[in-house]
Amino acid sequence: MRKKIICGLMSAVLVSSCTAESKPTISKDFSQPVSGEITVSAYDSMRYKDGLEEAARLFEQRYPGTKINVDTFGSMPEIKTMETEDGVTLSVITASSDSGKEKDYISRLNTNIMGTGGSDLIAADIIPWYQYSDSGYLEDLSLYIENDPDFNKENYFNGIFEASKYKGGLYMLPQSFSFDYLEYDRRYGFDGKLTGITSYKALMEFAETLNLPEETKAFNYLGGEQMFNRMFSSDYNYFIDFETKKVNFTDGYFEELLHSAKEAESRGWISLPSFTQDEAATFSFDNIVLADINEDSTNAVFGFNGVHSLYSYLTKKHIPDGQDNINVAMSTATAGGVNSDYSEIGGIVGDKEGSCGYSLMNGYVMNSQSQNRRLAWEFLKFMLEINTPGSIAGIPVNKEAMSEQARLYITGGLFMPEMDTEMTDAEKQIHTDFLSITEDFVKSITSHIINDSYISEVVFTEVSEFFSGGRSAEETAKIIQDKIQLYMNEI
Amino acid sequence: MNRAKKITPFIFILPGLLGFMAFYLVPFFYSLGYAFMDKPVGGSFIGFQNFADLLKNKSYIKGAVNTLRFMLIGIPSCMAVSLIGAVILKDIKSQKMWMLIFLIPLVIPSGSMAFFWRMLFDDNGFLNSLLVKVGINPVSWLNSGAAVTSITIIFIWKNIGYNMVLFLSAMANIPRDYYEYAYVCGAGKLKAFFSITLVYLIPAFFLIFIMSIINSFKIFKEIYMITGSYPHESIYMLQHFMNNMFTSLNYQRLTAATCLMVFAVSALTQGLFAAERRFLR
Numbered sequence: 001m002r003k004k005i006i007c008g009l010m011s012a013v014l015v016s017s018c019t020a021e022s023k024p025t026i027s028k029d030f031s032q033p034v035s036g037e038i039t040v041s042a043y044d045s046m047r048y049k050d051g052l053e054e055a056a057r058l059f060e061q062r063y064p065g066t067k068i069n070v071d072t073f074g075s076m077p078e079i080k081t082m083e084t085e086d087g088v089t090l091s092v093i094t095a096s097s098d099s100g101k102e103k104d105y106i107s108r109l110n111t112n113i114m115g116t117g118g119s120d121l122i123a124a125d126i127i128p129w130y131q132y133s134d135s136g137y138l139e140d141l142s143l144y145i146e147n148d149p150d151f152n153k154e155n156y157f158n159g160i161f162e163a164s165k166y167k168g169g170l171y172m173l174p175q176s177f178s179f180d181y182l183e184y185d186r187r188y189g190f191d192g193k194l195t196g197i198t199s200y201k202a203l204m205e206f207a208e209t210l211n212l213p214e215e216t217k218a219f220n221y222l223g224g225e226q227m228f229n230r231m232f233s234s235d236y237n238y239f240i241d242f243e244t245k246k247v248n249f250t251d252g253y254f255e256e257l258l259h260s261a262k263e264a265e266s267r268g269w270i271s272l273p274s275f276t277q278d279e280a281a282t283f284s285f286d287n288i289v290l291a292d293i294n295e296d297s298t299n300a301v302f303g304f305n306g307v308h309s310l311y312s313y314l315t316k317k318h319i320p321d322g323q324d325n326i327n328v329a330m331s332t333a334t335a336g337g338v339n340s341d342y343s344e345i346g347g348i349v350g351d352k353e354g355s356c357g358y359s360l361m362n363g364y365v366m367n368s369q370s371q372n373r374r375l376a377w378e379f380l381k382f383m384l385e386i387n388t389p390g391s392i393a394g395i396p397v398n399k400e401a402m403s404e405q406a407r408l409y410i411t412g413g414l415f416m417p418e419m420d421t422e423m424t425d426a427e428k429q430i431h432t433d434f435l436s437i438t439e440d441f442v443k444s445i446t447s448h449i450i451n452d453s454y455i456s457e458v459v460f461t462e463v464s465e466f467f468s469g470g471r472s473a474e475e476t477a478k479i480i481q482d483k484i485q486l487y488m489n490e491i
Numbered sequence: 492m493n494r495a496k497k498i499t500p501f502i503f504i505l506p507g508l509l510g511f512m513a514f515y516l517v518p519f520f521y522s523l524g525y526a527f528m529d530k531p532v533g534g535s536f537i538g539f540q541n542f543a544d545l546l547k548n549k550s551y552i553k554g555a556v557n558t559l560r561f562m563l564i565g566i567p568s569c570m571a572v573s574l575i576g577a578v579i580l581k582d583i584k585s586q587k588m589w590m591l592i593f594l595i596p597l598v599i600p601s602g603s604m605a606f607f608w609r610m611l612f613d614d615n616g617f618l619n620s621l622l623v624k625v626g627i628n629p630v631s632w633l634n635s636g637a638a639v640t641s642i643t644i645i646f647i648w649k650n651i652g653y654n655m656v657l658f659l660s661a662m663a664n665i666p667r668d669y670y671e672y673a674y675v676c677g678a679g680k681l682k683a684f685f686s687i688t689l690v691y692l693i694p695a696f697f698l699i700f701i702m703s704i705i706n707s708f709k710i711f712k713e714i715y716m717i718t719g720s721y722p723h724e725s726i727y728m729l730q731h732f733m734n735n736m737f738t739s740l741n742y743q744r745l746t747a748a749t750c751l752m753v754f755a756v757s758a759l760t761q762g763l764f765a766a767e768r769r770f771l772r
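Going line by line, the protein sequences match chains S and F.
Following the numbering used here, the residues of the first sequence are numbered contiguously, the last one being 491.
Following the numbering used here, the residues of the second sequence are numbered contiguously, the last one being 772.
The shape of chain S in the complex, shown without the other chains (with noise of 0.2 Å):
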């Protein structure tokens, strides 16, 4: 008797929970008022937190009676400061990642979720976002763009959008984004060849018919680690597919790319790294070689940049004596690339199908347990509408966000209050240009590298012994093989 008893309860507490764990009717009547309170979480502080915080206060400005908490978890990074002889004050920024306290904080946000429901809106930078939109934590949020009747569609670019889906559904909502471009050296003949999506495979063949003097190099990149690394970013959906989990590493591809980034270094075809890594272990400023920044040293026939050097090279075109112009001093500080004098825009970098992906620098999920959607909705939309201090690291998906970011790098009002002036003629051109160049690059986008953190450290750190001669390119394959194919075989 007292048996069945036991087994009796036992059974009342199995079913009880077999129901799950009710969501709160999500209202769809955007007419209702905006009010109430809501939590935003993210762990890197660094591009994060002020854009946060400038938003949640201009936001609570906007809809008196809403509070915005705003939850970091990630410390901020270090600044050094020191002054050579010469009385310039070098500013080193030195921001580490720390994979003990990432942990932690997914520890913690799991126990939220789990527990309390956790934060209403969450920073898409470290946590594996579509891991949990399969369990169902995460909001589909192309259901509140296509039902909100004050969502302007046309004011975003949808493409990106379409290219941040998951399975169907919009989890990640990104509020900017990145992708890289071809810059390469007119003289060498490339013109009308490098427009659309070139991929490194179609960039190693036109490699091959230079014939370059020893002190210019095909491509701006610092040994062939580096070059492998953007080789492999670009090629990363080819290598792993989230959707149907499945890893791609052993049909020969992977190590083809590894053979030619080794080729690269080789061949001469880049520069080595500036640092050994026994230099990098004890960097400090006594070891920083002031580099005199006047001097050419730009020597590389391809470049790849990220799309905020159209500014430079708009600004050379349509400035050509803006020595002092911000944007052009801030290219001519960055060596190794292309001779600006003979730079020409090629097209945008794809992977070896002819497919392109942006990669992510600020996005948002919803948690699907969320309080209060209505609002949580409204102030994620309301971010994609500004631009906050953290936002300035990409391109605003908002197309009117962008417009005005772009504005304030022209004329330098983005890092110099002071500067933010009316643009002049020129700067209105470059201005033009840019949005107008941009929106071409961006059409090409069609997917989002879902950038794993554990993949990348798998991938880096047995590409590091591959690089090094510790291992072969088929040895290497397979060992990142059989371990990211057992890490997606769990998710």
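No wet-lab data here; the hints were simulated from the structure.
Please note that a few of the clues may not be correct.
As the list claims (entries may be wrong) - Straight-line distance between alpha carbons at most 20 Å, and here's what the computed PhoX-like set of lysine-lysine pairs gives:
1. F:K530 with F:K547
2. S:K428 with S:K399
3. F:K584 with S:K246
4. F:K496 with F:K587
5. S:K165 with S:K153
6. S:K246 with S:K352
7. F:K581 with F:K680
8. S:K101 with F:K712
9. F:K549 with S:K246
10. S:K478 with F:K553
11. S:K246 with S:K167
12. S:K101 with S:K167
13. S:K381 with S:K262
14. F:K649 with F:K587
15. F:K712 with S:K103
16. S:K245 with F:K553
17. S:K381 with S:K165
18. S:K246 with F:K547
19. S:K165 with S:K101
20. S:K167 with S:K245
21. F:K680 with S:K478
22. F:K553 with F:K712
23. F:K553 with F:K649
24. F:K553 with F:K709
25. S:K317 with S:K428
26. S:K245 with F:K680
27. F:K547 with S:K245
28. S:K49 with S:K317
29. F:K530 with S:K167
30. S:K245 with F:K530
Since this is a predicted model, take the numbers as computed values, not measurements.
Please build the complex by placing chain F on the supplied structure of chain S, with the hints as guidance.
Frame of chain S, contents of chain F only:
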């Protein structure tokens, strides 16, 4: 009076029982509900689908196979070494001092020991430096198939003292007369060991075997601290799978795996108890 006698033990164990129910039993059965849903949030009942998917999941199978393989290697090795140690220490004068030494691993914090093990087994660690000095090629103790050997060494080191204590106390209960009679009859020490010591240690063997099974699951702590969430595939255990399911909030798969593990361990221990009862009879 009889009723009071029946109730009194329950009163004394009630606090512990309530704690066990509140923090283990009820949460276990409550969370087990996730195993029958497709998603923890907004999901629907799917019966045993999660269990079926789990048994086809390659990571789960790898974890289960590795756990079983480790148990088949580590437990007999540990018991054999502990038994040999107990036999050696049985009649020596400084037995208490040696027992103290062998029990030290039980009290050293795992975090401190993980640091030591990493230094010992690292590719550039102390062990490989010794091998290189004597002209042997270094071995990747944590990143190759040799990882199983490394964790077996750690397992034996950690549990040898505990098992030796159990063996010694069991051996102390064997009447000396049996040995004296055996020696008088012409039996040697080896014969006496196999015919008397081993036979009378069988109940202890069952207990130590069950405790070793439980301790074999605890080795995950050291492996995790030394090699992280994704160690070499040869030492990827069931607990790694379950820990990673927690990290990715895949509670349906986590609870299904937990349920299967509880079922397997319960069946094993019940089988061992039944075998012990049958043997003793």
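Hint by hint, here is what the structure shows:
no. : hint               : result
1   : F:K530 with F:K547 : holds (19 Å)
2   : S:K428 with S:K399 : holds (16 Å)
3   : F:K584 with S:K246 : violated (63 Å)
4   : F:K496 with F:K587 : violated (40 Å)
5   : S:K165 with S:K153 : holds (16 Å)
6   : S:K246 with S:K352 : holds (17 Å)
7   : F:K581 with F:K680 : holds (13 Å)
8   : S:K101 with F:K712 : holds (19 Å)
9   : F:K549 with S:K246 : holds (13 Å)
10  : S:K478 with F:K553 : holds (17 Å)
11  : S:K246 with S:K167 : holds (14 Å)
12  : S:K101 with S:K167 : violated (30 Å)
13  : S:K381 with S:K262 : violated (45 Å)
14  : F:K649 with F:K587 : holds (18 Å)
15  : F:K712 with S:K103 : holds (16 Å)
16  : S:K245 with F:K553 : holds (17 Å)
17  : S:K381 with S:K165 : holds (18 Å)
18  : S:K246 with F:K547 : holds (16 Å)
19  : S:K165 with S:K101 : violated (29 Å)
20  : S:K167 with S:K245 : holds (12 Å)
21  : F:K680 with S:K478 : violated (54 Å)
22  : F:K553 with F:K712 : holds (18 Å)
23  : F:K553 with F:K649 : violated (25 Å)
24  : F:K553 with F:K709 : holds (18 Å)
25  : S:K317 with S:K428 : holds (13 Å)
26  : S:K245 with F:K680 : violated (61 Å)
27  : F:K547 with S:K245 : holds (15 Å)
28  : S:K49 with S:K317  : violated (36 Å)
29  : F:K530 with S:K167 : holds (15 Å)
30  : S:K245 with F:K530 : holds (18 Å)
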